[in-house]
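Chain order of the listed sequences is A and B.
Take 23 as the starting number for the first sequence in my numbering and just add one per residue.
Take 6 as the starting number for the second sequence in my numbering and just add one per residue.
Please note that a few of the clues may not be correct.
Selected chain A positions facing chain B (Cβ under 7 Å, derived; list incomplete) [claimed, not checked]:
{"#": "1", "residue": "37"}
{"#": "2", "residue": "128"}
{"#": "3", "residue": "129"}
{"#": "4", "residue": "199"}
{"#": "5", "residue": "200"}
{"#": "6", "residue": "256"}
Quick caveat, the hints were computed from the structure, so don't treat them as lab data.
Glycine included, C-beta positions come from ideal geometry on N, C-alpha and C.
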Amino acid sequence: MNSRRSGLSLPALFWFTGFIFIPLLIVLAVSLATRGIYGGFAWDISFANFQRCFSETYLGIFFESLQVASITTLMCAVIGTLMAWAMATAAPRHRYFYVCAVALPFLTNLVIRIYAIRVFVGFEGPLQSFLMALGIAVDPFSFSQNQWLVYYGMVTTYLPFMVLPLYGAFEKFDFNLVEAAQDLGAGPWRILFSVILPNLKRALISGAILVFVPAMGEYVIPDLLGGAKNMLLGNLIAEEFLKARDWPLGSAISILLIAVLLLVASALMKFGGEKHGH
Amino acid sequence: MAIERVRPAAPLPAKILLWLVLSLLYVPILVMILGSVLDAGILTPKWFLQVFDDGVLMSALGNSLLVALGASVLSTFLGTFAAIGIFRSKSKIRWAIEGLSVISLIFPEIVFALSLLSWFFVLGLELGLTTVMIAHVSFSLSYVMMTVGARLANMDASLEDAARDLGAGEMEILRSVILPLLKPAITGGFILSFLLSFDDFLITYFVNGVGRDTLPVKLYAAMKMGVSPKLHALSTMMFFFTVALLWVLLKSQVLKALLDRK
């Protein structure tokens with residue numbers, strides 16, 4: 023009965039086609055083009071850009087990104103499970119507060135949050151002063167830009183994507199099972215692994231996809247918190263587009279990134295589907 | 006449902022971790038806020054006054070507000086009609102819109118940023134506030150659709166049927182029944198897309214023209230040089246602006262409807 027109404031959605035369809043779908047096709051096309059002399063590109067079709075992606079330097083950056091994104095996802099999963107457990111078992115009037123507290127930073131500006139982290143850990147910032155007061159010597163310069171800070175930024179940024187689905191799963195979870203396990207003498211960690219985790223599988227998998235996919239292409243966090251050594255795929259792509267002006271190479275890297283992400287996401291979903299079936 | 010039974014508490018390490026993570030999230034922001042109102046330990050408004058005196062920052066603020074307003078009006082308009090159009094529809098349009106909407110939500114931001122940049126280059130469009138606005142509509146459209154869609158799903162279908170039985174035409178049902186019921190969701194979608202646009206950095210960074218920076222882009226460029234009380238003040242203001250808009254969203258129950266839907 024609503025078929026006549028579907029015409030109302032045509033403008034949005036045109037918009038999505040014009041500014042989501044076609045641009046992605048353009049990236050695919052540019053990845054096959056050749057770099058122009060003054061930036062931009064020329065339409066000499068070849069697979070040369072893809073071959074260039076497999077150089078040692080680029081592969082190194084790829085594996086570095088894979089490592090950072092995987093560790094971030096794993097840390098979010100472990101921390102997120104415990105956090106969501108504590109949140110879901112808090113007094114009902116506190117639960118809403120916790121959900122808001124977790125969701126708020128995720129809805130505020132990323133650049134501001136990274137700025138705040140830099141103020142916190144930066145040169146003569148409170149953390150350094152505190153450590154110095156304890157008599158712990160820190161090198162102020164390497165302390166304010168390093169791999170650990172990248173993880174700090176990544177985990178605090180992406181944690182809500184993991185915690186919120188997990189919290190949702192805990193809300194649906196039947197806590198009588200926990201009581202039953204307690205009566206049978208199981209300790210809290212045994213309960214977590216044998217009773218709770220099997221019920222969180224789907225939420226963990228959607229959380230993992232929601233964390234891994236953006237983490238793999240992250241630009242701002244490694245750029246502002248990592249040192250010069252911490253270049254990830256997002257930074258490499260941005261570099262090719264904005265500084266080196268090699269758009270075809272940047273596009274080829276992006277296409278490979280999308281391919282890897284689709285592969286990882288579908289593998290995760292398949293894993294979740296199989297386990298859920300039995 | 007009966008009164009919920011007390012849930013067995015999580016072990017202490019889980020509770021400690023929850024509070025540790027919350028402090029890692031909020032302590033830096035508190036430090037920044039303190040830094041923006043203190044000068045050598047004394048309360049002062051001077052860092053904020055410096056921000057207001059800075060013509061470059063104020064013009065960036067103007068750009069940010071202009072883009073956010075334009076983008077959110079357009080995406081609210083497109084998104085609301087899209088949500089109504091695909092609701093309970095079995096057409097291919099729905100299938101296409103939902104597919105593209107998912108892509109727009111989950112693809113890495115950087116891929117969008119560069120795909121739009123390449124497309125604007127191919128089209129020969131000059132980069133500026135217009136291209137930024139187009140980009141912002143593209144990523145906020147899905148959020149408006151979700152917000153309005155969630156409200157539609159909770160709507161009582163018999164109201165519409167009653168109007169039809171009384172002889173109202175499609176246009177009239179839309180205008181006097183559906184749109185008024187959707188009003189809170191439309192407002193929520195508008196605020197949400199305004200926020201997303203106002204806070205966006207990466208996509209703006211790629212598709213904005215020279216000298217047409219928005220506030221987040223200015224902040225990013227400035228913090229490359231280091232931190233300063235004036236930047237603390239700028240960030241603090243932007244932070245509270247976002248929190249204020251989120252508060253309005255929370256009051257309008259839009260976030261709750263979105264969370265409940267999942």
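Hint check:
| no. | hint | verdict |
| --- | --- | --- |
| 1 | 37 | holds (6 Å) |
| 2 | 128 | violated (9 Å) |
| 3 | 129 | holds (6 Å) |
| 4 | 199 | violated (10 Å) |
| 5 | 200 | holds (5 Å) |
| 6 | 256 | holds (5 Å) |
In the structure shown, a violation is registered for the earlier hints numbered 2, 4, in ascending order.
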